[in-house]
Amino acid sequence: MPRRGRPVASDGGAHEAIVEAAYRLIRDIGYPNLTVDDVIRAAGVSRASFYFYFQNKKHLLLELSRSVMEELYEVAGRHYPDKDQYSRIVLANVSYLDVWRRETAILGEFFALSLVDSELAAIYGEYRERFEVRIRERISHLRDQERIPDCNPAVLAGVLSSMVEFSAFRHFVTDDAIGHSRISFSDLVKQLSEAWYGAVYGAAPPTGFDHTIFE
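Under my numbering, think of the first position of the sequence shown as 15, with each following residue one higher.
Among the hints, a few may not be true.
Ranges of calculated distance between the beta carbons of each label pair, as one might list FRET restraints [what the hints assert, rightly or not]:
{"no.": "1", "residue 1": "Asp-158", "residue 2": "Gly-44", "range": "45 to 55 Å"}
{"no.": "2", "residue 1": "Asp-189", "residue 2": "Arg-116", "range": "13 to 23 Å"}
{"no.": "3", "residue 1": "Val-50", "residue 2": "Ser-81", "range": "36 to 46 Å"}
{"no.": "4", "residue 1": "Tyr-215", "residue 2": "Tyr-65", "range": "47 to 57 Å"}
{"no.": "5", "residue 1": "Ala-168", "residue 2": "Arg-80", "range": "24 to 34 Å"}
No wet-lab data here; the hints were simulated from the structure. Remember, it's a predicted structure, so these values are computed and weren't measured experimentally. For every residue, glycine included, the Cβ atom is placed at its ideal position computed from N, Cα and C.
Whole structure, please, built from the sequences with the hints as guidance.
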């Protein structure tokens with residue numbers, strides 16, 4: 015993500031200054047309260063410079079969102095060859111949720127707006143598909159090796175992806191039954207990981223795993 019600190023606009027540095035200023039402001043005051051003028055002032059750039067790079071604040075949010083989604087995709091796909099199957103699921107969920115926890119202001123807006131904005135919906139959908147393709151391929155590999163019960167990998171991948179994605183939104187953005195003020199991060203990790211393991215392997219997860227180490 016953009017570096018912390020006061021941006022300094024200069025020839026060739028306006029784009030970075032705008033992005034860094036917007037990133038800080040969205041975290042501080044929220045995207046709904048953000049204006050283009052706020053970004054221009056914080057970045058120390060001209061209005062012409064802003065509109066040279068961005069059409070409006072939505073497209074600025076989109077650039078920030080792309081950066082976070084790429085990080086989300088990278089960390090959730092890491093391999094842990096020295097770990098057992100359940101630990102791998104837990105670590106993948108922790109990595110994914112930890113980005114959501116750190117970047118709630120960006121991801122929460124991107125997810126919510128994708129439900130009502132067709133342009134953002136299409137772009138968000140592309141990222142979701144990348145996640146689900148990777149999950150589907152892993153499930154297919156396990157099924158073909160007869161390490162898990164027979165299943166429809168595409169459907170199962172979509173169900174699992176949606177479970178974690180929407181749970182993350184509800185936990186970090188809302189204050190409902192699984193909101194962060196109601197349940198702990200480690201409880202969320204535990205429930206999601208156990209549900210994922212059960213859905214894929216058709217069995218109860220191993221006992222004795224200490225999920226609280228991720229609090």
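Hints, one by one, checked against the model:
no. : hint                          : verdict
1   : Asp-158 - Gly-44: 45 to 55 Å  : 46 Å, holds
2   : Asp-189 - Arg-116: 13 to 23 Å : 19 Å, holds
3   : Val-50 - Ser-81: 36 to 46 Å   : 20 Å, violated
4   : Tyr-215 - Tyr-65: 47 to 57 Å  : 53 Å, holds
5   : Ala-168 - Arg-80: 24 to 34 Å  : 25 Å, holds
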